[in-house]
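Asks: First residue of the sequence shown? That's 1 in UniProt numbering, and the numbers climb one at a time after it.
Honestly, I wouldn't trust all of these hints.
Unchecked claim - Straight-line Cα separation of at most 25 Å, DSS-like style, residue types lysine-lysine; simulated pairs:
1) Lys248 <-> Lys286
2) Lys597 <-> Lys410
3) Lys597 <-> Lys487
What the hints contain is simulated information worked out from the structure, not anything from laboratory work.
Since this is a predicted model, take the numbers as computed values, not measurements.
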Amino acid sequence: MNIPKLYEIQKKFIQDCSAAIENGKIGVFSSPTGTGKTLSLLLSLKNFIPAVDEDDDFFIKNILGRTNRRQKIYYCSRTHSQLRQVVNEFKKLNISTNSIVLGSRKIYCINKDVSKQSSIDVINSKCRNLVQEDKCSYHVEHFKESGVFSIEDLLKDSMEHKYCPYYFTKEYFKKAEIVFLPYNLLFSQDGRQSLGINLDGAIIVVDEAHNIIETVTQMNSASIALEDIKRYISASKKYKIILKDSSKNFHTISIIINILSKLVLFLNNQKNEDVLEVSEFLLKSKLHNFNTLELTENLNRSGLIFKLENYEKKLNLKLQDISKFLNLLVASDTTSRVQCCSSFLKIFPLSPKIFFEPFKPVKSIIFAGGTMEPIDELKSVFDYREVVDYSYQASDRNFQAFIVDSLFNKTITIKQTTREDSEMFNNIKKMIIEMLEEDIGGGTVVFLPSKYYLQVFEKLFSGFEHASCFFEGINSFEEYVLNVRRKASILFAVIGGTFSEGVNFSDDLCRLLIIIGIPYPNIDTEINERIKLNGYEWYTQTAMKKVNQTIGRAIRHSEDYATILLVDSRFQNLRKYLSSWVVCCLQKENFETVKIKTKQFSQILNKK
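Construct the complete structure from the given sequences, taking the supplied hints into account.
Replies: Structure below.
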């Protein structure tokens with residue numbers, strides 16, 4: 001096993017994480033970028049794969065080498081690109097084990113007739129049909145010896161030896177000790193069932209977990225439009241004519257037409273918007289006597305969705321949305337709601353707790369991210385198990401953070417009632433100009449609470465000559481990157497938008513991060529229902545999660561550095577929602593002091 005030199009912060013992480021797993025806890029770990037989080041997570045798992053080698057050092061033997069037990073480990077992240085990085089890191093450790101990356105047919109299918117399809121649902125249906133009819137030349141048995149296989153390894157090998165990497169992973173998965181997979185496969189019932197995932201006694205690691213609650217909530221929401229339902233009724237009736245009365249598909253499609261017709265009748269009678277509990281919706285729509293779960297299973301098993309889509313291509317896969325909607329009517333609990341309008345229906349959970357219930361039998365779950373706070377919602381979801389949380393501080397030499405609650409003798413509060421306060425916004429513009437005049441080097445990134453304020457600042461900085469200005473939605477990130485190395489540059493973006501997650505503002509791309517205002521979500525029907533159930537505390541936590549994630553964009557590695565300004569008077573009373581590694585370095589100063597400290601900080605760091 002090849003273990004690189006570990007920093008003390010990594011050793012502490014590994015000790016805490018190993019103990020949480022050993023003791024069957026739900027662990028929440030906040031470790032900012034640059035602290036070696038991924039390596040620490042992988043080494044924390046070493047105790048639960050094979051025994052370590054004889055030549056490992058004392059720390060590895062004593063912390064990681066206590067047992068030979070083999071337990072199924074699931075390591076998941078949001079995207080396959082993130083998993084690629086994790087698997088590459090895992091390979092470098094040279095651990096003797098069996099490992100595989102699970103993915104959808106869209107990732108693994110090498111049959112061009114199937115993979116060229118635009119939708120994952122069509123790919124799935126077409127694949128199943130070809131396999132059932134034994135018409136896919138790649139669907140053959142293939143065996144490989146033990147090892148750690150990445151997506152690239154399998155795609156290359158399967159093309160060379162003419163076998164299906166998708167079905168190979170499903171088979172190899174059975175003997176793998178550690179399985180890498182995206183969120184959507186592990187946290188959806190369909191994903192677990194299709195892969196045969198058994199959670200009993202499993203160890204689960206969720207990396208980049210800051211959005212896991214939101215992700216699971218979205219995965220278990222679905223909406224359908226009246227016009228799509230009508231088109232499917234029309235197509236289904238046409239298709240039914242060519243079927244034999246005795247066929248299974250004839251029976252299934254008859255039920256589909258009946259259910260969809262009842263939904264159309266319900267929507268046609270819907271004069272005002274309603275939000276109903278699922279049981280009430282089923283009664284009012286007269287769907288309570290239908291076995292919608294059996295129907296959706298038949299749809300998937302029979303390939304009927306694909307056949308209907310091929311028969312009527314203009315439908316653009318809306319039947320899959322309808323199938324999901326009907327399935328959620330069965331899978332939901334009393335906290336789910338159905339939003340009923342004259343033109344559409346939407347089902348959404350107010351609490352995702354029911355969708356985490358299948359994870360009760362696991363040995364342990366570790367949630368890790370750069371900014372996990374606030375974690376109250378995670379604690380409420382796992383109220384049946386002890387939740388332990390840890391935070392690891394990045395070096396305070398890498399960043400400094402300030403609350404700016406007033407500028408030029410005027411309190412700064414960005415909210416609905418101050419939208420037209422031109423003096424306040426001009427003061428913020430003046431602040432940005434004066435920070436630029438400190439000449440700290442690198443780019444300035446300004447995050448705003450909504451698109452409305454992005455437009456406000458676009459007008460404010462129209463014709464601005466002190467620096468090049470770039471705006472999310474108008475300029476590309478690449479334009480900003482090219483310019484920032486040549487002259488003073490400011491990038492304006494929206495918290496929770498394209499640039500606040502998934503884009504890394506490392507090094508000179510962001511030496512000054514300014515967060516203006518607090519991104520409270522607009523109160524639409526769904527948000528209003530969540531507030532009714534969970535209270536305004538949930539509303540505040542949702543906003544501050546986005547702030548934490550945005551802060552995490554600025555420090556991307558151990559040698560990176562930046563100054564962070566939180567510009568809004570309310571931040572002072574919201575400290576408890578910020579990541580602890582930010583709070584420990586957070587200062588409240590007047591603006592003149594902020595300028596001086598920022599200049600001094602940049603001079604020290606620029607000399608390194």
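Asks: Look at each hint and say if it fits the structure.
Replies: These are the hints, each one checked on the structure:
| no. | hint | result |
| --- | --- | --- |
| 1 | Lys248 <-> Lys286 | holds, 24 Å |
| 2 | Lys597 <-> Lys410 | holds, 21 Å |
| 3 | Lys597 <-> Lys487 | holds, 23 Å |
Violated hints are absent here; each numbered hint is respected by the structure.
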